[in-house]
Structure formats: structure tokens, C-alpha cells
Amino acid sequence: GNSVTQMEGPVTLSEEAFLTINCTYTATGYPSLFWYVQYPGEGLQLLLKATKADDKGSNKGFEATYRKETTSFHLEKGSVQVSDSAVYFCALSPALVGAQKLVFGQGTRLTINP
Amino acid sequence: EPEVTQTPSHQVTQMGQEVILRCVPISNHLYFYWYRQILGQKVEFLVSFYNNEISEKSEIFDDQFSVERPDGSNFTLKIRSTKLEDSAMYFCASSQRLAAYNEQFFGPGTRLTVL
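Top to bottom, those sequences are chains G and B. If you read the first sequence in our numbering, its first letter stands for residue 1, the second for the next number, and so on. If you read the second sequence in our numbering, its first letter stands for residue 1, the second for the next number, and so on.
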């Protein structure tokens, strides 16, 4: 079946540190991959996506590359800010016609200290 | 910027009672979803809805659950007889087009507590 595994949280970093949140997936075919972010009191917001192997999604200084050979989609940012504190969710959408449901990882809580 | 809204933000109910969670999707979106997140666990897909019928549902979405789009704006999730294990955060989402890579826009969630 389809599943997503994220690194365990919480993650606490200092401002300007380098961030990596690991995400690996199990899926048949070629799923689309996503990172969603949830700020306190808000809904999940799409941060970035990649729809095929070797695609790199990027937004707000965050990047993730779709690696089919390692079935991974790790989230990275070179220099984090306090405002990046949030919960980050890796997700996939199965590569089936008409299937649009998202399969989520467990989420990683990130706290950035000034 | 258009957004998905959900009401109430927090619902407390007694076991066995019916609850209705409400969502207003983005106005020109055609596809609607419910997800839930039990505390400390993953966000799980419940159901998708298009053209006034269910497109897909998970095994969680049993006969106790139903969805409805009663008018042109609201999308509701009803739980007929709540159980303790239904306590969770429920997220509504909507999307404009049907495609695996199409963005789903999420609401802020309703926290359901069953006592």
C-alpha cells in the first residue's frame, strides 16, 4: 500500500541553522509528492510539490527533490528563521487516474529559537 | 485570498450523540475532502466528494459517517453516533481540478472531543 514516513520530531534549531526533515515513501507507480506546513491555529498549507522523478520543488527558501531511486523527498532549508516554526507534513498522492487523496506522514514539529 | 473555513473550531459532545461538522470550501472549487488527525497520529483521508456524490472513501468512513453538500456553499460531515475513538481534529479541504498533483486547500480544522 501507500505510506509516508517522516523523521521523528520535535526538531529544535537556532536561527540561521541548516534544516533537513527526512521523508521516505512507499507507493506503486509514480506518485506526486508534497510538503504541507501548518502554522499554529491554521490549516495545512501547501509548501511545495514535485510530480515526477528528479523534479525539485521549492518555495520560501525550502527545497525538496523527488528521488525515485531512494524513494525520498527530504525537505531542506539553508538558513531557518523563527517564523519557520510550524508542523511540517510530507504527503503523497497515488498515481492512479482520479485518485486525489493525500497520504500523510506523521508530521514533524519544528521550533526555531532566536 | 480565498480560504476554506470550518465551524465550529471546537466541538464537545457526549458519546452516542450526533455531530455535524461544517465546512465552506473555496467558491469555484469542485472537489471536496475530509481528513482527520487523532492526537499524535497521522492525518488520515476519510472521503472525497464530487458532483454531489462520494468519489472515494477510506475504511474509516463507515456507516456512522455521511457527507452532504446541502447548498451551493456548505460541505458537511455528519457522525451519527459518536464514539470515544472519534475524538480527533477534522480537516476539510477542497481543490479546483481533479489531478493527483493538484493542490488541495485545507481549512483550520474542527477539534472534536467525545466524552
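Derived from the structure by calculation, the hints contain no laboratory data. One should not assume that every hint holds.
Derived pair list, reagent style SDA-like, types lysine to any residue, alpha-carbon separation capped at 25 Å [to be verified]:
id : chain 1 : residue 1 : chain 2 : residue 2
1  : G       : 77        : B       : 103
2  : B       : 42        : G       : 16
3  : B       : 78        : B       : 1
4  : B       : 78        : B       : 18
5  : B       : 83        : G       : 60
6  : G       : 60        : B       : 69
7  : G       : 60        : B       : 18
8  : G       : 77        : B       : 57
9  : B       : 42        : G       : 114
10 : B       : 57        : G       : 10
11 : B       : 42        : G       : 45
12 : B       : 83        : G       : 26
13 : B       : 83        : B       : 103
14 : G       : 60        : G       : 18
15 : B       : 42        : G       : 87
16 : B       : 57        : G       : 113
17 : G       : 52        : B       : 18
_When the structure is checked against the list of hints, which entries are broken? Sort them ascending._
2, 3, 5, 6, 7, 8, 9, 10, 12, 13, 16 and 17
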